[in-house]
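Student: These two chains come separately, so use the hints to put the complex back together.
Quick note, the sequences are listed as chains B and P, same order.
Under our numbering, the first sequence is numbered contiguously, ending at residue 114.
Under our numbering, the second sequence is numbered contiguously, ending at residue 1112.
Bear in mind the hints are in silico, worked out from the structure with no lab data behind them.
With a straight-line Cα cutoff of 30 Å, these simulated DSS-like cross-link-like pairs (lysine-lysine) come out:
#1 B:Lys14 x P:Lys1042
#2 P:Lys1071 x B:Lys102
#3 P:Lys1068 x B:Lys57
#4 B:Lys102 x B:Lys11
#5 P:Lys1071 x B:Lys101
#6 P:Lys1042 x B:Lys102
#7 B:Lys101 x P:Lys1068
#8 P:Lys1071 x B:Lys57
#9 B:Lys71 x P:Lys1042
#10 P:Lys1042 x P:Lys1111
#11 B:Lys11 x B:Lys71
#12 B:Lys11 x P:Lys1042
#13 B:Lys57 x B:Lys71
#14 B:Lys101 x B:Lys11
#15 P:Lys1068 x B:Lys102
#16 P:Lys1042 x B:Lys101
#17 P:Lys1056 x B:Lys102
#18 P:Lys1056 x B:Lys101
#19 P:Lys1042 x B:Lys57
Going by beta-carbon spacing under 10 Å, a handful of chain P positions derived as facing chain B:
#20 Pro1009
#21 Ile1034
#22 Gln1038
#23 Thr1097
The beta carbon of each residue, even a glycine, is placed where N, CA and C say it ideally should be.
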Amino acid sequence: DTGVSQDPRHKITKRGQNVTFRCDPISEHNRLYWYRQTLGQGPEFLTYFQNEAQLEKSRLLSDRFSAERPKGSFSTLEIQRTEQGDSAMYLCASSPEPQGKKLFFGSGTQLSVL
Amino acid sequence: GESVGLHLPTLSVQEGDNSIINCAYSNSASDYFIWYKQESGKGPQFIIDIRSNMDKRQGQRVTVLLNKTVKHLSLQIAATQPGDSAVYFCAEKSGNTGKLIFGQGTTLQVKP
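The following block holds chain P by itself, in its conformation from the complex (with noise of 0.2 Å):
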């Protein structure tokens, strides 16, 4: 299952499959991308992060890939599980300033 566009609020996936969750940022000059997990009534989860100088990371189960370019970022879930699901958000760092930007969120979605 895919998440299209800027953003798709709900992306639902069936156990075992890959999801992607997709992501449109906003600053060129971000140098740090990432992706956190929220579970409801939970605070978000830090999952992965990406510098800007890099294409593709690799972590357990999940993959972030940058496109510089098109300014778009997308966090893949390999063999979805019943426990990935959560709303997934996307959020950019740049230079010194400590504030994260976070995204509108994707919820995820995942029958067994």
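Here chain B stands alone, though its shape is the one from the complex (with noise of 0.2 Å):
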């Protein structure tokens, strides 16, 4: 399977607890984002990566949240100290193209903090 691979697809943690998740995008693909999704709405962007650099972070990111790309190929996305408002599945998207109106998702990480 060459799509976008997540890990893992649930993560069952408890409150004040840190957990990391890991995306690797289509290998060609310089571009890689994580969205964050809550049941019913649309996808709600987190960050995003060219190559190792991240250019942009949503100011809805608070400091529990980090993320990083450090040989531009794979990423992984931290949440310190859990919060039951962070229950929610995480996305991973990696694009080929600069214009990133084309993503290519992952399954996503299921996230739910008891």
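Tutor: As structure tokens, this is what we get:
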């Protein structure tokens, strides 16, 4: 499968714990995006990378969230001191084009904070 | 079948009929508008896009219409099939920002 891969698919954690998600984009895509989606809503932009450079972060992204893409390939999204409001589907996408309008999404990581 | 107003959560159509899904966007400066389809348990999948200087664009069984005067976007699906059942999101993009702004989705249910 050469699509966008996310791991894990599901994560259950207790409030206050740290969690880390991984995304492997389509190999030739230099843009990588993180979105968050809650039930019944459209995806909400978090951040994006061009190669290893993080070019934009949403103002909604608190200091507890950090994303990296150290070698311009896979990316990780870490949430520190999780809160119940962090429960959501975390989607990763990649794109081969500079306009970034055609995104290829992974199946997401479903986070549940108890 | 057609969704009306700013947002209708669910649109139910008979297999073989045409579907029209509507979307109102917010930013008059947006230069691209895109439709995505999301099936249960999967991430959104790109369907079709349209640039702001166009009024209409056609794909395979799908047509997107853009009315900038009233900031309205629609997706028409011809001969709707059971495999079209999903949630459909419109999204907009402006300038050099990397982010897409997604609207609230419309669930399309296709009755056999």
